[in-house]
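S.K.: Please put together the full structure from these sequences, using the hints given.
Given next are the chains, with one letter for each unit.
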Amino acid sequence: MRIKTLSVIITSCFFLLIVGLGYVQIVRGGFYRGLSEKNRIRLLPQSAKRGTIYDCNGKVLAEDRISFNICIIPQELKPRSVSRLAKILNLSEQKVNKILKKDTVAPFAPVVIASDVNYKTVAVIEERSAGLPGVVVDIRPLRYYPYGKVGAHVIGYLGKIGSEELEDKKRYGYQMRDLVGRDGVEMSFDTLLKGIDGGQQLEVDYRGRVQRVLSNKQPIKGNDQYLTINVDLERLACNLLRRHRGAIIVMNSNSGAILTMVSNPAYDPNIFLRPAENKQRMQVLKDKSYPLLNRAITSQYPPGSIFKIVTALTGLETGKITPATRQYCGGKYKLGRRFFRCWNEDGHGWLNLQEAIVYSCNIYFYKIALLVGVDNIAKFAKYFGFGQATGIELPGERKGMVPTRRWKRITYNQGWYEGETCNLSIGQGYLLVTPMQAVRMISAVDNGGVLPRPYLVKDSSLRKGSRRLNLSKTNLDVIKQGMLRGVNDEGGTSHRAYIADFPIAAKTGTAQVEKGRSHSWFLGFCPDAQPNISFVVFLEHGGYGSQQAAEIARELIKGWRRIQEEQDNNET
Amino acid sequence: MKRSLGKDFDYRLLLLTVIICLIGLILLYSASYQMSLVSGVSFVVRQMIWAVIGLSALLIIANINYRKLVETSYILYVITLLLLVLVLFLGKVQLGAQRWLQLGSFVFQPSELAKVIIILVLAKYLGERDSRHQQIKKILVSLGIVVVPLILILKQPDLGTAIVFLPILFCMLYVWGTHLKYLLGLAGIGLVCSPFLWHFLRDYQRQRLLVFLNPNIDPLGAGYTAIQSKIAIGSGGFLGKGWLAGTQNQLNFLPEHHTDFIFSVLGEEWGFLGSIVLILLYLFLINRGLKIAGQTKDVSGKLLAVGVTAMLSFQIIVNIGMSIGLMPITGLTLPLVSYGGSSLLMTMISIGILLSIKMRRTVF
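Going down the list, the protein sequences come from chains E and X. Plus 368 on top of the position in the first sequence (first one is 1) and you've got the working numbering. Plus 204 on top of the position in the second sequence (first one is 1) and you've got the working numbering.
What the hints contain is simulated information worked out from the structure, not anything from laboratory work. Each residue gets a CB set at the ideal place from its N, CA and C atoms; glycine is no exception. Please note: incorrect hints may appear among the correct ones.
[Claimed, not checked] SDA-like mimics (lysine to any residue), calculated; alpha carbons at most 25 Å apart, straight line:
#1 E/K537 / X/S246
#2 X/K501 / E/M369
#3 E/K537 / X/G446
#4 E/K528 / X/Y237
#5 E/K372 / X/L384
#6 E/K469 / X/S246
#7 E/K537 / X/W304
#8 X/K495 / E/S380
#9 E/K470 / E/P643
#10 E/K470 / X/V245
#11 E/K372 / X/Q238
#12 E/K427 / E/L641
#13 E/K528 / X/P459
#14 E/K372 / X/D212
#15 E/K470 / X/G446
#16 X/K495 / E/I377
#17 E/K466 / X/A449
#18 E/K656 / E/P643
#19 E/K470 / E/V505
#20 E/K372 / E/V395
#21 X/K359 / X/L390
#22 E/K538 / X/Y237
#23 E/K470 / X/V249
#24 E/K528 / X/V249
[Said to hold, decoys possible] A few chain E residues that face chain X, going by a derived Cβ cut-off under 8 Å, partial list only:
#25 R370
#26 G397
#27 S404
#28 R613
[Claimed, not checked] Have a look at the derived ranges for each label pair, beta carbon to beta carbon:
#29 X/R410 / E/K488: 50 to 60 Å
#30 X/C397 / E/R539: 56 to 66 Å
#31 E/K372 / X/L344: 24 to 34 Å
M.R.: What follows is the structure in structure tokens.
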């Protein structure tokens, strides 16, 4: 009985809904229809301009510039517009129709037919707008990287924000369709570069056409970023490296400011922003040589002989050897049942430490290594910053790898072999470093024992953490002299980098790998440069470090001197 | 025995459920069209997955004797209370409320579960007690059963779900045989207490109530949704603007148009005609539920059917009512149609319970 009553009550509620619906949709339908077609308030977001990125001389590396897109509003389109527009844009009529068909979202939403067209085309279209119903020009900021591939890995590129990322970042003012930094400074400094979006409250008609502006909040441009990069040197380095896979870094030895960081193969960050260059983008993403990888910091390699600097300093600092300690090199060295070889099969004869560096003798370092032991070498390697990120303001930095007895016990459940100490002493075996770590280590040799914190953005508040190493000045000088002689002496392994009137101190490295040619390293500094600079040239599978890598370094330093001269001339 | 169960299977109820669900998917396709274009996320596919899960749950529940559910309801009640407490501490915060529990990539809303469990517990408690003696005591205990989870849900805050508990309790007490004077007394107390409740509401909830009384006090703020929803439905007129052609919906004038306000999409794009079709389908569904209640001799089963039907009716009436401006805005979903996994799943389970009752109503 009571269920009957309940049924009556619920049914009447439903009929009440129908009556209400009838009132809203039929009786007042015309009124609401009018409201929906006119006088509607809409928020039109105006995205803030992204901050500009400059090099150390104020040259623009990345900026938002105005771009023009030619769009069609399907609803308002007349057939004659298509053929006229196609003619102006130099496209076939079918092509325009194809884009239109593919990209139409709603009758009232503009479809982009051509993006980033030049000013002349815009002028022509504006001029003939009366004859082109349905065609509109949409103006919007577009990120532009004037130097293209040069500095790509440092500057980075932009991509659309992902939906999960958006969830995380919503509270920082990110919105759907926002572009965010995907690598480099664009990524690390994204929140600073981004700026604050503004918007207009508009009264629009049902097609979204503006009737009047109700209120206006100006967007605020993001913070500009000034980099320590010298784009002229960057371009030169990029050019020198164009035939190789690898990386070049030039760093101010005292401050840690990065003057140049190049990784090759590189990509043009502009292609990520232009729909028309979809094909190039796919190519970059699929390329087996991984152009997106910043080989200066996100790849780690065995360092080869450049690590002898660390081995030598370990010997000196622990007091196990002196600069005068002599060892004999007969071309090979027997340890247990295995022979460890020098790269020079005939042997170097008797050498002291400096000569061992000049000629990069392996046997000398094997013997020192066995004197000091693996854990001392590992301790000094870590002291020089290997096995830890350098903290440069770029995403994706790798830490490298410094092996120890303990590490091997934990990882492989095996003891450490003496032979592995020999390998470690010449930068082979388990040891892995990034070019960034290498150049930081050598800058400490150059500046008298301070391990600088590398940085890219001039007034980055993160720039702290240079570390004074407790090293004896005389010991450093011995190494320095060895490296200078390595370039100056005819028989020195670094001699190909020799420049007549300008001293360079350097060490080569040839790191054997399991498959393919060896990696080549050329690591050094210019003691007479103003400011002091350290550099590293790294070629993936580049063969002997004393050859191409050394020549590239020579051209790099010559170029740097030229660039400095030009700048001095410009100033005076 | 098996055969007699099969014969009593309410195919019409199942068919109504599936049809309404399909209508929901068509509406969702349109409501999420723009969002999917931008984000690449297909809301329709997600909802379809949930619909399949829900239908399976429905069939499983239909094949379980509802008495078993009633028997275990006290344990389920305790578990639900624990989940509701848990959500206050560990819950995922979305849209300013802490309603969701996350298990891996699976997000669940315990307050949806609570609705069904409350019905089960009340069916057990009242079903086992004679309504002819000591009514006041039993009414007070029932009230207690409802109030504890109600307060927990109000804390989240989820006013919409919390408020559903009251008509469920009311209808079940009514069918159980409560004296009308007690029911009226209960309603009277509720009315007297409501000014105090005002004090407990969050700012945005107060805002919504004020806006319901006069939407024009804040046309761009709290009143915005109310106005835009009315404009959407009203501008649909008799025949509607056509699928995917509703400007209010597609131009994004209407917030939450794929969840709470999906009826506005129906009203705008399919007009009065389309809306009536859905309302009538719902009416058939509700009447199937009440018919099952009427045919069931077992008091627990009868009360269970009443509770489920009351829950569904209330949600339908309040959701459509708020869309056309007859009621204040509460975050209640439209059963089987609104986007959202927990809500769809629990609705399907409730209908599964109805089917189970129908099949076994005369078995003993």
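S.K.: Does each hint hold? Answer for all of them.
M.R.: Here's how the hints hold up against the structure:
Our distance criterion of 25 Å between C-alpha atoms is met by E/K537 and X/S246, whose separation comes to about 22 Å. About 13 Å separates the Cα atoms of X/K501 and E/M369, which keeps this hinted pair within 25 Å; it holds. The straight-line distance between the Cα atoms of E/K537 and X/G446 is roughly 37 Å, outside the 25 Å bound, and the hint therefore fails. A threshold of 25 Å between alpha carbons decides the hint, and for E/K528 with X/Y237 the separation of about 19 Å falls inside it, so the pair holds.
Distance hint between E/K372 and X/L384 is fulfilled; the C-alpha atoms sit about 16 Å from each other, no more than 25 Å. Using a Cα cut-off of 25 Å, the hinted pair E/K469 and X/S246 holds, with the two alpha carbons roughly 21 Å apart. Taking the CA atoms of E/K537 and X/W304, the gap is about 20 Å. The hint holds against a cut of 25 Å. A distance of roughly 17 Å separates the Cα atoms of X/K495 and E/S380; the hinted pair therefore holds under the 25 Å criterion.
Between the alpha carbons of E/K470 and E/P643 the distance comes to roughly 14 Å, so the proposed pair stays at or under 25 Å and holds. Using a Cα cut-off of 25 Å, the hinted pair E/K470 and X/V245 holds, with the two alpha carbons roughly 19 Å apart. For the suggested pair E/K372 and X/Q238, the alpha carbons sit about 45 Å apart, so the restraint of at most 25 Å is broken. Taken as a hint, the E/K427 and E/L641 pair is honoured in the structure, with Cα atoms around 21 Å apart against an allowance of 25 Å.
Proximity of E/K528 to X/P459 is assessed by CA-CA distance (about 23 Å); at most 25 Å being required, the pair is judged to hold. Distance hint between E/K372 and X/D212 is fulfilled; the C-alpha atoms sit about 22 Å from each other, no more than 25 Å. Of the supplied pair hints, the one linking E/K470 and X/G446 holds, its CA atoms being roughly 21 Å apart against a limit of 25 Å. Using a Cα cut-off of 25 Å, the hinted pair X/K495 and E/I377 holds, with the two alpha carbons roughly 14 Å apart.
This hinted pair checks out: E/K466 and X/A449 have alpha carbons roughly 22 Å apart, not beyond 25 Å. Simply put, E/K656 and E/P643 have alpha-carbon atoms about 23 Å apart, close enough for the 25 Å limit, and the pair holds. For the given pair, E/K470 sits about 19 Å from E/V505 by alpha-carbon distance, which is consistent with the 25 Å threshold. Of the pairs offered as hints, the one joining E/K372 and E/V395 is violated, with about 33 Å between alpha carbons and a cut-off of 25 Å exceeded.
At roughly 23 Å between alpha-carbon atoms, X/K359 and X/L390 fall within 25 Å of each other, so this suggested pair holds. Proposed proximity of E/K538 and X/Y237 is supported: the alpha carbons are some 22 Å apart, at most 25 Å. Simply put, E/K470 and X/V249 have alpha-carbon atoms about 22 Å apart, close enough for the 25 Å limit, and the pair holds. Only pairs whose Cα atoms come within 25 Å are accepted, and E/K528 paired with X/V249 is accepted, the gap being roughly 23 Å.
Below 8 Å, beta-carbon pairs count as interface contacts, and E/R370 has one with chain X at about 5 Å; its hint therefore holds. Because the smallest distance between the Cβ of E/G397 and any Cβ of chain X comes to about 4 Å, under 8 Å, the interface hint for this residue holds. At about 4 Å, the closest approach between the beta carbon of E/S404 and any beta carbon in chain X falls short of 8 Å, and the interface hint on this residue holds. Residue-level restraint check for E/R613 is violated (minimum Cβ-Cβ distance to chain X is 34 Å; threshold 8 Å).
Between X/R410 and E/K488 the CB atoms are about 59 Å apart, so this pair conforms to the stated range of 50 to 60 Å. Checked against the given bound of 56 to 66 Å, the beta carbons of X/C397 and E/R539, roughly 37 Å apart, lie outside it. Separation of E/K372 from X/L344 is about 28 Å and conforms to the stated range, judged on CB atoms against 24 to 34 Å.
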